[in-house]
Structure formats: structure tokens, C-alpha cells
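K.L.:
Protein sequences appear in the order of chains G and Y.
Start counting the first sequence at 1; every next residue gets the next number (the numbering used here).
Start counting the second sequence at 1001; every next residue gets the next number (the numbering used here).
The hints are simulated quantities; they were obtained by calculation from the structure and are not laboratory data.
Quick caveat, the model's predicted, so the values are computed rather than measured.
Every residue, glycine too, gets a C-beta built ideally from N, C-alpha and C.
Fair warning: there could be bad hints in the mix.
Sample of chain G residues with no beta-carbon within 10 Å of chain Y, all distances over it, derived [to be verified]:
id : residue
1  : D29
2  : R97
3  : E305
4  : H350
5  : N503
As a list, the in silico BS3-like pairs of lysine-lysine whose alpha-carbon atoms are at most 27 Å apart [said to hold, decoys possible]:
id : chain 1 : residue 1 : chain 2 : residue 2
6  : G       : K437      : Y       : K1250
7  : G       : K437      : Y       : K1519
8  : G       : K250      : Y       : K1340
9  : G       : K52       : Y       : K1340
10 : G       : K132      : G       : K519
11 : Y       : K1437     : G       : K519
12 : Y       : K1275     : G       : K132
13 : G       : K437      : Y       : K1502
14 : G       : K52       : Y       : K1398
Where chain Y lies over chain G, by a calculated footprint (3+ residues, C-beta under 8 Å) [stated by the list, open to error]:
id : segment
15 : 124–131
16 : 488–502
Protein chains: 2
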Amino acid sequence: MITGKNQIAGAFSGGGSHTFRTVNPVTGDENPQEFFEADQTEIDRAVNLASKAFTTYRDTSGTSRAVFLEAIATQLEAAEEEIIAYYTLESALPEGRARGEFARTTGQIRAFASMLREGSWVEAIISNLEGKLDIRRVQCPIGPVVVFGASNFPLAFSTAGGDTASALAAGCPVVVKAHPMHAATGELVAQAITNAVRETGMPEGVFSNLNGKNFEIGQRLVMHPEVKAVGFTGSINGGTALYRLACTRKEPIPVYAEMGSVNPVVVLPSALREKRDFWAEQYAGSITLGTGQFCTNPGLLLGIEGRELDSFIEALGEAIGQRQASCMLHPNIKSQYLEKRDEVLSLPDHAIVTAPEPEAEGNFALPHIIAVDAESYMKNRLYQQEVFGPFSIVVKCKNKTQLIEVLQNLEGQLTGTVLSENTSELQEFSTVINVLKERVGRLIFNGVPTGVEVCAAMVHGGPFPASTDSKFTSVGLTAVQRWVRPIAFQNWPDTLLPDALKNNNPLNIVRNLNGVMTKNAV
Amino acid sequence: MITGKNQIAGAFSGGGSHTFRTVNPVTGDENPQEFFEADQTEIDRAVNLASKAFTTYRDTSGTSRAVFLEAIATQLEAAEEEIIAYYTLESALPEGRARGEFARTTGQIRAFASMLREGSWVEAIISNLEGKLDIRRVQCPIGPVVVFGASNFPLAFSTAGGDTASALAAGCPVVVKAHPMHAATGELVAQAITNAVRETGMPEGVFSNLNGKNFEIGQRLVMHPEVKAVGFTGSINGGTALYRLACTRKEPIPVYAEMGSVNPVVVLPSALREKRDFWAEQYAGSITLGTGQFCTNPGLLLGIEGRELDSFIEALGEAIGQRQASCMLHPNIKSQYLEKRDEVLSLPDHAIVTAPEPEAEGNFALPHIIAVDAESYMKNRLYQQEVFGPFSIVVKCKNKTQLIEVLQNLEGQLTGTVLSENTSELQEFSTVINVLKERVGRLIFNGVPTGVEVCAAMVHGGPFPASTDSKFTSVGLTAVQRWVRPIAFQNWPDTLLPDALKNNNPLNIVRNLNGVMTKNAV
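Start from the sequences, fold in the hints, and give me the full structure.
P.N.:
In C-alpha cells form, the structure reads like this:
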């Protein structure tokens, strides 16, 4: 049952005087439930209780945190039907996507639980060579974390998404600033987490869920002295503003913001020649998936001009032209989409590849593709901005040198893709690939950038403005590294050391023992 | 031979119109050599050549970078006598310290070389379970790094210090902003690096050394768009200002600043009782080592009030009272020391444990210790500021609860120390230890905080303001992690993968292969 209230350390709280409602994107109507915005008292209570919970939660064993995470996954599954119903109501995303994202969410929570049970993620290092000091270091949780939910992933990047799961895994309490577009979905997920907190006897302050439509609520959370780090998924403007705000604190804290990207795709001649229809179809799918509302949406395709590129563009236009209109996440997202798209369309020197005629009605959208020569693309900086939605630009480069120039002038990106059917061609274009590599967090060969696998090797992040800190990923197991810091113990008595560092290795984890990775005792 | 010029990518450059001289701290006189401050053209040239060098240096093998680092160490050794002569002239630190720091500097350069030869530091992760995408990630260098030399470590934290060595190891070109107090030492070290660049055929832009007394030179370096990260060792004000400045850039970059700390030492009752004279003598040494000019200088000793603490204070005062005056690094450092010390001395409610009578002359200083009760200490925030020099405060707490309260109110610290002779006492004071742990990067048992071992497990960093990013250390092998970011390769052809990720593991490194740490091929 949805109450519209904040959940603070296990208790419902609706003391604020400001309320808001979510919108049904399909009809444009407001949903009936009122949500109470968190006020300053509630913000303080949530953070202070998180800080108090930290004093015990930080010392819980990996196994007990694994049990907690697994209980969250199970509680989510118990509420699956209700969650899916609100998810589709609030986001207009289709049920198939909802089920897929739901499974990914519980899957990644359980993956973090497995990581905790295995235990080596704490990166234990023991240096105790003869004649030297005995020094041992291990990763320890940093303290209360604030997580901002994302509009486009109500489950996998929101209340119980990757940021929350990784922070809880690390040993950090979490205060979620729920995304106002899917507050009901968020409340149901928060209830599942709260149930799991009770069931597994965790300190109640370990999780709170706060509602807020006003940006100030997020800003206050970021500025709260007891908050030690922030996870954010959203726009470049929003993420950068919070990052810069956190830097002005008396004690600055990191803001790990995963933001915008146009995800350049370099289509090399052999791919145009040998796989034209295949890639046209694949990219028609990737560009329109989720109405283009993915951070890994391919917004920029690059090729060398000529008959083969023209033919590919034509095939792409045809494949995309057959797509149906689909609903966007929110009327505001639709209007921002149109605004940004039309800004780009107002630039000179491009050709329409495919355009919606007529424009889709209401909150629905149809894909829109344009083509432009590299010179014009580089001359008009606005061509490079991310247009969040089903919009892509094909850039025609005169030659390899100009292709390199375009890539060199790109901002940081989450992904970069290369399509090719020929190994010697890859050698020929090695500079292109090297330049692309410096711009991205993930390189993809012969694939599409949408579809971010949750695994240990994933990097979902990249040079600014793809993310605020290219050292870290918000997807995959190493996402946990954002919420820990190393502490070294010098000459510390064995009985007082964290288990990960004790002589006899009671956790049976892999440790760096004087340079050797081993499970051996000291 | 000292030229007073900047060294930019192997060439001497002295085009600027501003010059300065270093000072002989013992006499207070200026040394004869003029040093040319870098101007904007020189800053641009150094950074742009670093950026150009990056396009090849980033792809050099670990082995070739190891050869380069070892050549730096050897070149330094060839110039050892001249370096030591200028080091002692410019810093007034004794020859024994100079030799020790020299050996540490070449030792840590060679330790990074060994790390490169072994190769596993790149943290290769391969996820390719059946039915999933093949994704592989590896740490890659981020680009040109600016390193600020430190006043108190002309070798180990300056031109060829840990920041430079770790950045060069990572594959990042380095532009050093030399510390103006030891510009001649810096120039000699820079010449050794330049020789090593030539000898091993590295791209010349991989290293430059710029002089500057004016803060603006450092600020311009931090704001240069081609600079991708900054290493800094120095004051809280200086480091925080650069950190905040970097955050205002169009593309924000990380500033890893290792700054101030008072390094609290908790002296538990059994240590007072059983090891009074031993610890009094040890701490007299630690407080006065290098005239107290260490970032790990113990500026704060905490104990439970009573006859035993009083007796310890008396013994400490006696041990310290026997110390000779020693010379500080620079007249400015002496005057800042006196200013900050006298600010603290002007606070109410403390007792003098030992004070210099008469005050040491010129640029020399004698240690100064005061004792204060915990209540007054907490009431007057200024008691907590770092006084860079041979000054320490002993805080008398009424009981364990008050000791905890003092620790809870401390800012972040590089180190925290516990002295105890009794295991059950450690249990009794476990909350004290836990609170201390949250404040520090390194915990020390029965030791002194000065003397930072260079090893894989070292953490020299801590919660703000000890450093700007508590995730990283500026000493020890993991210092390299500041200069890299992970890149993931999805479905990437084996021949094009970095060697660290290739199927047959040609580097023979330990990799995380689907969760198992192994040297096995894929």
C-alpha cells in the first residue's frame, strides 16, 4: 500500500507541508496519491539515524550483510506484482522492460551478496617483510551515503538499484532521495528494504527513503555534514551542480555522478560494405529502445563519406522509419526532448534521414535521425550535446584524419563502439581507436552500447561529463569501491585486527601477502 | 650545474621576467643563484608537450617504464653528492636525514619499477561466463599530471618523489611545479630525470620542471585544460584552495592533496604506568624529529587525568627539555610556526610543560609542549589547528567518555596511535579505538607516527583535511591508483586487447578471471 510518506529508519513520516503527485505519462494526468516532501527536520533525522546506524553497521560481517541483501531481493520478489504495476503506471515503460529491469535489480543485489560471501573484495594487503614494520590495510566503509534515484531506471538505478546495493554491501547506511517521477514505485521498493532491515535485525537507520520534487531537498542532503558520499544518475547539469556544491562543504565529499553521453559509434568501411542491413537494423533497435531514454543510447554515428555510408544511412532511415511511436517517461522529459532536439535541428547544414511526420501526439515520441558533414558538426558545438530521447546524428567524415579530429574534439563518453569486419582495417584505423579509447569508459566491438552487463569487469562511467569521476563505475561489482576507503594498521595486535587482516585468515579470502596473492595464513 | 632555468621536455628555458632566490635557512641569507619563474608560454609548452608525449608514453610496456624508472634512480645516484650538498644548503636538514631521504627516494622509484615488472598492479578483470558478454577491464593512465613539490621533503615528496614516481609508473607524463624553497635541489633532480628520459628513449615531454614562487603559476597549471590530475603535499589552505579551484574547471579534475594532521596519540593507563620513561623518550624524539616538520608529527597526546598522566607529562617535558635547538626549513616557516604557536598559547587554561627559554635564535627552534584539560581543548577550536613545527599539546581527559568526546570532535587525520601494555585494557577502550579509526588513514599500536614505511599496505592519507580524497595514499605502491582509470573492452578482438587482457596472458600477471585470481589463460 502506498502512503505517500517518507520512510525514515523504518518509520513512516509525512510531516512536511509540501506535496506533489506523480503523472501517468500515457494520459498526462496526475495519479491520485499525494507524496509528502521531506522537510529539514526529516532530512536531519534520516541522516543522523544513518550516522548512528553506521557505528554498528560498519562492523557487521560480510556474511550478515549478504543475508540482509538477499532478504531485500526476496522482499522485492514478494512485492513484484505491485511494483511492476506502479512501475509501468509511473514510467509508461512496457511490462517486458519492467520485468527485465526487476530481474536485473534483484540479480545485482544478489551478486553483491555473493561478493560479500566470497569476501576478497576488501583488497587486504599485508606487508610484513623481515626488518620492516608490520603494516596491513583493508577497505573500510566511509559512512552514510545519499543516493539519488534516476528517472529512466525506476528499479536498477533507483531506490534499491546499484548505488544502494553497493553502498549497503560496503557497510554504509543509505538515504535515498527518491525520484519524484516514480515516487510510488520508490515507496514500494523502500518498504521491501525496510522489511528486510527488520527481518535481519539490521540497525533501522541503515536505510531511509525521502521524497522531494524541489531541488533544494537534494542540495540539503548533499550539504549535510554527516553525509560522506553521494551517488547520482541523471543529467549533466544536475550531477555537475551537486558535484560542485559538495566541493564547497567545509569537509568536501565525493559525488559520484553518472551523467550524459552520446556514445559515439565508428562504422568502418568494411562494416558498411558487408553488414549494412544488419547494423542498420541493430542500431534502429538500439536508438529507439526505451524511446531512446538510455544513458548508453547511440546518439552519434561516424563514418567516412561515400556511397557506402549513404547507403547505410538510407537503410538506417528505413529501419527506423518502421518503428512505432512510444511513450516517454514524463511530459517534462518529452518537452525537454523536443526543446533540445529542435535546438540541434535549428543548426545549419544537416540533412534529415528520418523525421516523424506527423509528430507523435501527447507524451509519445518517434525517432529522428539527421546527417551532417564533420566540418559543420565540429563548427557548431551544439551538435555535440546529448539529446535525451530517440535522436541520433550521423556524421560524415571526409577521411580518417577528419574522423580522428572529430573524436579528439568529443567530450568524455560512457561508451565508444567500433564496427568492422576486417582485421587489417582495424590496424589501419588504430589511431582512430586509440583516440576513441581516451574518451570513453567502455569500448565495444561489433555491438550496440545499450545493454549494460552487470559483472565484475563492467565500467559504467567515463571521462567528464560522462561521469564526475572516471575512476569508478556505477554498474558492476567494483561499484562498491566508491563507498570505501583504505585504513592501514601498523603493528596492530592480531586479536584487534579486522578479520580480513588476521594472521590465520579466518575469512579464507585472497590477500596480497608481501606481493603474492594468496589465501595462506601469515 | 645549476642554471636557474625551467626544464621543459628536455630543454632549458628561462624566458620569464620574474626571478627569485632560495635562502640559506641557517644564515637567513639568499643563495646567489637566480631562478626564473615559468611564464604562461612556458606553462603551456610544458603541458602541451606532456599531452603530446602521453599519446605514446601511455602505450609503453611496463618493462620499458621500469627501465626508465631505474634509470632515474641511477642518474640520481650519479648526482648524489651534489644533490645532498644543495639539499642541506637549502633545507638546513642534517646530512643524515638527507642521505636517508635520498635512499628512500631511489628506493621507492625502484619499488615502482619492480611493481611494473611484476605487472599485476593493472587490476585486470575478465568476465566472460557462458551466455554473457565478454567484458574485460584494465587500469589505464589518465593523462598529464601536475605534481607540487613539498617544502619538508625536497626529495621524497618533490621533483622525483612518490607522486612523480607513481605517475610515471602509471604511464602519465609529469609536470613538476618545483617548491621555491629548494629550487636548486629540484633542478638537479630534474636534470637526473631528463638524463634518464634521453637514455631510455622516452618521449621528451614526459617530464618538465617549472619554477615558481608566485601561487598563480600553480593555479594556472591546475586550470590548464590538458592537465588531468594533480598531486600536492603541503598546507591545508594551499591544498584545499587548489582542490576547490580544480572543481570549477569546465572539466573538473581530481587534486590529490596530502595536507595537515595533528596525529593524535592515545596513551592508555597501562602505558603510562609501565612504560612511562620509554614513551616519554620516544615521543620526545618523534616530536622534535626534523624540528617537528613532518606531516606525521604527533601534535596531540591524549590521556586520562591523574597522577600517572602528570608523571608522564613531567618525564616528557624533561626528555624534550634536553633537546638542542635545530634549524627550520625557511624563515617563513619559522615565522608561521611562531605565529600559529603563539595563537594557541594565547588561548586560556593551559599549562606549560616545556618552553624554550630563551627562544632559539634566528631560524632555529626549540620544542614547546603544553597541557590542557579536555573541556578547554574542545571549547577553543583553535587548540586543534596544526602548528607546523616542534609543538605538541597533551590533553587531559576526565575519563573514557570524555576521551571519546574529544576524538569524535577531531577532524580527519593521517594517523592515530594507541599506546597500551594490556590486552584487556584494549577491550575496555574499544570504543575509543573505533572512534579513532573513523578519523584516520593509519592506526599505529605502540609506536610513533613519524617514519612512513614505503610498502604496498601503507596508507598515507586520511579523511579531510588530512587529504582531499581518503580513498588514496601518496606513499606506497597503491599511490599509483591515483593516476589511472579503468577502461572496459567488450567483445574486443584478442589481438587488439592490451596485453594485460589477452587470452594467453602474455604478461603472466594475476588476473580476476570470472571471480578467481589466477595467472591462467582464458
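K.L.:
With reference to the structure, classify each hint as holding or not holding.
P.N.:
For each hint, the structure was consulted:
{"no.": "1", "hint": "D29", "result": "holds (40 Å)"}
{"no.": "2", "hint": "R97", "result": "holds (19 Å)"}
{"no.": "3", "hint": "E305", "result": "holds (25 Å)"}
{"no.": "4", "hint": "H350", "result": "holds (26 Å)"}
{"no.": "5", "hint": "N503", "result": "holds (14 Å)"}
{"no.": "6", "hint": "G:K437 x Y:K1250", "result": "holds (21 Å)"}
{"no.": "7", "hint": "G:K437 x Y:K1519", "result": "holds (26 Å)"}
{"no.": "8", "hint": "G:K250 x Y:K1340", "result": "holds (21 Å)"}
{"no.": "9", "hint": "G:K52 x Y:K1340", "result": "violated (35 Å)"}
{"no.": "10", "hint": "G:K132 x G:K519", "result": "holds (22 Å)"}
{"no.": "11", "hint": "Y:K1437 x G:K519", "result": "holds (26 Å)"}
{"no.": "12", "hint": "Y:K1275 x G:K132", "result": "holds (23 Å)"}
{"no.": "13", "hint": "G:K437 x Y:K1502", "result": "holds (17 Å)"}
{"no.": "14", "hint": "G:K52 x Y:K1398", "result": "holds (24 Å)"}
{"no.": "15", "hint": "124–131", "result": "holds (count 4)"}
{"no.": "16", "hint": "488–502", "result": "holds (count 8)"}
Violated hint: 9 only; the structure is consistent with all others.
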